[in-house]
Amino acid sequence: MKRRLFWVPLAAFVAVAGLFAWMLSQEPDRQVRSRLIGQPLPAFTLAPAVPTKPGLTTAAFRTGQPRLLNVFGSWCVPCAAEAPQLAKLARAGAKIDAIAIRDTPDKVAAFLSDYGDPYAAIGDDRNSSVQLALGSSGVPETFVIDGQGRIAHQHIGAIRDEDVPILLARLKAAR
Amino acid sequence: MIAEAGLAALWLAAAMALLQLAMAAIALSSRATEPPQIVRDLLAAVRPVAVAQGLLALGAFAALVALFARTDLSVLLVAENSHSAKPMLYKVAATWGNHEGSMLLWVTVLAVAGGAIALFERLLATRTHVATLAAQAAIAAGFYAFLLFASNPFARLSPTPLDGLGLNPLLQDPGLAFHPPTLYLGYVGLSVAFSFAVGALVTRDVGRDFARAMRPWVLGAWIFLTIGITAGSYWAYYELGWGGWWFWDPVENASLMPWLAATALLHSVTVLATRDGLRAWTIMLSVVAFSMSMVGTFLVRSGILTSVHAFAVDPTRGSFILALLILYIGGALALFAFRVGTVRQGALFEPVSREGGLVLNNLLLSVILGIVLIGTLYPLLAEAFGVQLSVGPPFFNRAAGPIALLLVAGMAVGPLLRWRRDRGRAVARRIAMPAAVTLIVFIALLFTDAGLMPLLGLSLAAGLAVASILPLVGRSPWRTPMPIWGMVVAHLGIAVSLAGMASDSAFTAERLVAARPGEINRVGPFAIRFEGIKPVVGDNWSAIQGRLIVTRDGGQPFLLRPEQRFFANPPTETSEAALATFWDGQLYAVLGRDDHGGRRQLRLWWKPFVTLIWAGGGLIALGGFVSLIGRVRRRRAR
Numbered sequence: 001m002k003r004r005l006f007w008v009p010l011a012a013f014v015a016v017a018g019l020f021a022w023m024l025s026q027e028p029d030r031q032v033r034s035r036l037i038g039q040p041l042p043a044f045t046l047a048p049a050v051p052t053k054p055g056l057t058t059a060a061f062r063t064g065q066p067r068l069l070n071v072f073g074s075w076c077v078p079c080a081a082e083a084p085q086l087a088k089l090a091r092a093g094a095k096i097d098a099i100a101i102r103d104t105p106d107k108v109a110a111f112l113s114d115y116g117d118p119y120a121a122i123g124d125d126r127n128s129s130v131q132l133a134l135g136s137s138g139v140p141e142t143f144v145i146d147g148q149g150r151i152a153h154q155h156i157g158a159i160r161d162e163d164v165p166i167l168l169a170r171l172k173a174a175r
Numbered sequence: 001m002i003a004e005a006g007l008a009a010l011w012l013a014a015a016m017a018l019l020q021l022a023m024a025a026i027a028l029s030s031r032a033t034e035p036p037q038i039v040r041d042l043l044a045a046v047r048p049v050a051v052a053q054g055l056l057a058l059g060a061f062a063a064l065v066a067l068f069a070r071t072d073l074s075v076l077l078v079a080e081n082s083h084s085a086k087p088m089l090y091k092v093a094a095t096w097g098n099h100e101g102s103m104l105l106w107v108t109v110l111a112v113a114g115g116a117i118a119l120f121e122r123l124l125a126t127r128t129h130v131a132t133l134a135a136q137a138a139i140a141a142g143f144y145a146f147l148l149f150a151s152n153p154f155a156r157l158s159p160t161p162l163d164g165l166g167l168n169p170l171l172q173d174p175g176l177a178f179h180p181p182t183l184y185l186g187y188v189g190l191s192v193a194f195s196f197a198v199g200a201l202v203t204r205d206v207g208r209d210f211a212r213a214m215r216p217w218v219l220g221a222w223i224f225l226t227i228g229i230t231a232g233s234y235w236a237y238y239e240l241g242w243g244g245w246w247f248w249d250p251v252e253n254a255s256l257m258p259w260l261a262a263t264a265l266l267h268s269v270t271v272l273a274t275r276d277g278l279r280a281w282t283i284m285l286s287v288v289a290f291s292m293s294m295v296g297t298f299l300v301r302s303g304i305l306t307s308v309h310a311f312a313v314d315p316t317r318g319s320f321i322l323a324l325l326i327l328y329i330g331g332a333l334a335l336f337a338f339r340v341g342t343v344r345q346g347a348l349f350e351p352v353s354r355e356g357g358l359v360l361n362n363l364l365l366s367v368i369l370g371i372v373l374i375g376t377l378y379p380l381l382a383e384a385f386g387v388q389l390s391v392g393p394p395f396f397n398r399a400a401g402p403i404a405l406l407l408v409a410g411m412a413v414g415p416l417l418r419w420r421r422d423r424g425r426a427v428a429r430r431i432a433m434p435a436a437v438t439l440i441v442f443i444a445l446l447f448t449d450a451g452l453m454p455l456l457g458l459s460l461a462a463g464l465a466v467a468s469i470l471p472l473v474g475r476s477p478w479r480t481p482m483p484i485w486g487m488v489v490a491h492l493g494i495a496v497s498l499a500g501m502a503s504d505s506a507f508t509a510e511r512l513v514a515a516r517p518g519e520i521n522r523v524g525p526f527a528i529r530f531e532g533i534k535p536v537v538g539d540n541w542s543a544i545q546g547r548l549i550v551t552r553d554g555g556q557p558f559l560l561r562p563e564q565r566f567f568a569n570p571p572t573e574t575s576e577a578a579l580a581t582f583w584d585g586q587l588y589a590v591l592g593r594d595d596h597g598g599r600r601q602l603r604l605w606w607k608p609f610v611t612l613i614w615a616g617g618g619l620i621a622l623g624g625f626v627s628l629i630g631r632v633r634r635r636r637a638r
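These protein sequence lines map, in sequence, to chains A and B. The first sequence begins at 1 in this note's numbering and counts up by one. The second sequence begins at 1 in this note's numbering and counts up by one.
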């Protein structure tokens, strides 16, 4: 009996080493997986961020059609960098709304005239409260919202060229 | 030239390790009672080879330090991790602030420890001594191979760049210059215990002499580990600017686990040395302690755990270290399983006795070790089943905290027990005073707003402080053996450190404010007036410096200057907390961002008695040092 006990440390180590080996064989995955997938959007009503466009409410996402929700700020450099990709998405037929974080109307207007305007509506989230309720950790971030107002996908960071087909596929899948 | 010389020294050291292993294996395979001359010669030659190996490894490391000191940018490692415009201290410290350099330091400590065993160890029987050196050489050989084939620190870069990429500014701190080397001396110093255990298993020679021989080495490694952890904790506390001193980060756990195992080993080896008990257990702990060091190295180097410390994320290197891990830990544990049954059973003892107390200590330390290990590996296990989670302070504090307090209670009683057997009633009389102190402090603090755990922590700390001094009562201070003094000081250190931890979590006052210039905020007994900011420049950084005029209870005002620093190489922003230390605690101020409305974020903490945490750590290490001097002197006297 006692002799058998002496094998316990080796057995425990073999189990741990097996776990390590398995982990090493995996592709490293550094993605933060969103806990928001499948959650309904929080209820919000945002005033227009620019006078020329409507503001944004939760109800606007319950139209039966999936939409993109882009969280951005005119003060944010990666937001300007992703503008061409947003334009590409808009040309491919995506409906895009936005929330402007900690911004002022004139600065948003200047941003839109500099980098293009793919948005149907832009809500003004001056103190980040809707951004926090959404669970978005920074700008830019882009959500795919299905026709019932539920979050189907969260893209953290700027949209790069290779992300465009992924987002289009997610939009299609959210239908 | 220096790089090539360093590389040559490294290859030669590797060759010496192989030679050492082969010579020892051949010599030990002869089982004749009257070994032939050649075997005796081989046994005698293993020692000088081990010394040569240590010197060559040291030479290779010195070469790398020289390359960093000169900022020789034709060496890839220097170009990637250093920069010519850096203070000399950080140029040298950059040697081990990267993967290759720190692995070279690792193997250097290993080889030097082997050389030291060869030079200074005289208590062990020759065969066990040679077997120990063989084990040390076997470990070294694997890590030389790892360096030479997967992480060559001396690789050249062509063409030579105009300047280097620089060192992570978080690491540009005097704390970094000493923290990793100290920790490594501890980590890798435990390899000595591992090799002793393997050597003893090979020759089946486990007994009191073995324990006495091993004890000072374990003690030495443990002292460095204690200093390394204490310094690392303080460094994280003031450099990260989060106001915390322990984050249960996987890499912190990787240093805590060997410490827990080594602490348990120090106590069990005492039972083995004094009473010839706990033979198998002591051997296993020796293997486990260094195994924890290697597992820690693996976790940090393979990148399978994400941590602020993980700087070399490389699956090839991970596989290499894993292979070494399986070879050494698996090999040693298999040897343990096969051989330890043939080691003669040691002495048995009564449950109420010093031995019994030390067994309790070992059990509780092992449980804490198990909790930390499970908590660290659980995210990996969960991920294997497709769940992503992280295990944080709430788990560790709740699971390990109560057991640690139980351990502290046992620690108060243990040293007051007699060897072999003791009587319950006599023990109760001896612990009456510390128990009363614990109770009084508990009742006195019951009406403060301290939570239950900090309350228990503070009262047990007071009881332990009293109990730890009791072994000195009735002894002449000059006649008391040094190891007893060491134990008293180290246990007192635990009490002091625990008091600091409990006080920090019970009484810390925290404020987060957005302050306009001229505004006054209060935290604890302090009134803090925000004067405004001004730009300052340093050696290789510029900063925004906040100026805070602080008065305590209306006393003499003084200036605190927290900074937000901007480093150019590589471009990084760090926050430099400003600390004011008092006898009864620390005021901790961090300068945050501008809110674009003329206000600055300020984070202010008043942490009563927080410094006791590290003072206690220092006392623990000092106790170990006093004890070590005593042990070495006693051996000399023999």
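Please keep in mind that the hints were generated in silico from the structure rather than gathered at the bench. Treat the hints with care, as some may be off.
[Claimed, not checked] Computed beta-carbon distance windows for the label pairs:
1) B:527 x A:135: 51 to 57 Å
2) A:169 x B:531: 37 to 43 Å
3) A:19 x B:593: 40 to 46 Å
4) A:148 x B:549: 36 to 42 Å
5) A:38 x B:601: 56 to 62 Å
6) A:19 x B:85: 56 to 62 Å
7) B:178 x A:126: 46 to 52 Å
[As the list claims (entries may be wrong)] A few chain B positions that, by computed beta-carbon distances, are all more than 12 Å from chain A:
8) 284
9) 321
10) 333
11) 373
Idealized CB from N, CA, C, for every residue including glycine.
Cross-check of the supplied hints:
A hinted range of 51 to 57 Å is violated for the C-beta pair residue 527 (chain B) and residue 135 (chain A), which are about 39 Å apart. For residue 169 (chain A) and residue 531 (chain B), the hinted distance range of 37 to 43 Å is not satisfied, since their beta carbons lie about 56 Å from each other. For the pair residue 19 (chain A) and residue 593 (chain B), the supplied restraint of 40 to 46 Å holds, since their beta-carbon distance comes to about 41 Å. Restraint check, residue 148 (chain A) to residue 549 (chain B): a C-beta distance of roughly 57 Å breaks the suggested window 36 to 42 Å.
Between residue 38 (chain A) and residue 601 (chain B) the C-beta distance comes to about 35 Å, which lies outside the given range of 56 to 62 Å. Taking the beta carbon of each, residue 19 (chain A) and residue 85 (chain B) are about 44 Å apart, not inside 56 to 62 Å as hinted. Distance hint check for residue 178 (chain B) and residue 126 (chain A): the Cβ-Cβ separation is about 48 Å, which falls inside the suggested range of 46 to 52 Å. Taking the minimum C-beta to C-beta distance to chain A, about 6 Å, the non-interface status of residue 284 (chain B) is violated against the 12 Å cut.
Some Cβ of chain A comes within 12 Å of the Cβ of residue 321 (chain B); the nearest lies about 9 Å off, and the non-interface call is violated. Distance check on residue 333 (chain B): its Cβ comes as close as 4 Å (rounded) to a Cβ of chain A, failing to clear the 12 Å threshold; non-interface status is violated. Interface exclusion of residue 373 (chain B) from chain A breaks down, the closest Cβ pair being 8 Å apart, not more than 12 Å.
In the structure shown, a violation is registered for the earlier hints numbered 1, 2, 4, 5, 6, 8, 9, 10, 11, in ascending order.
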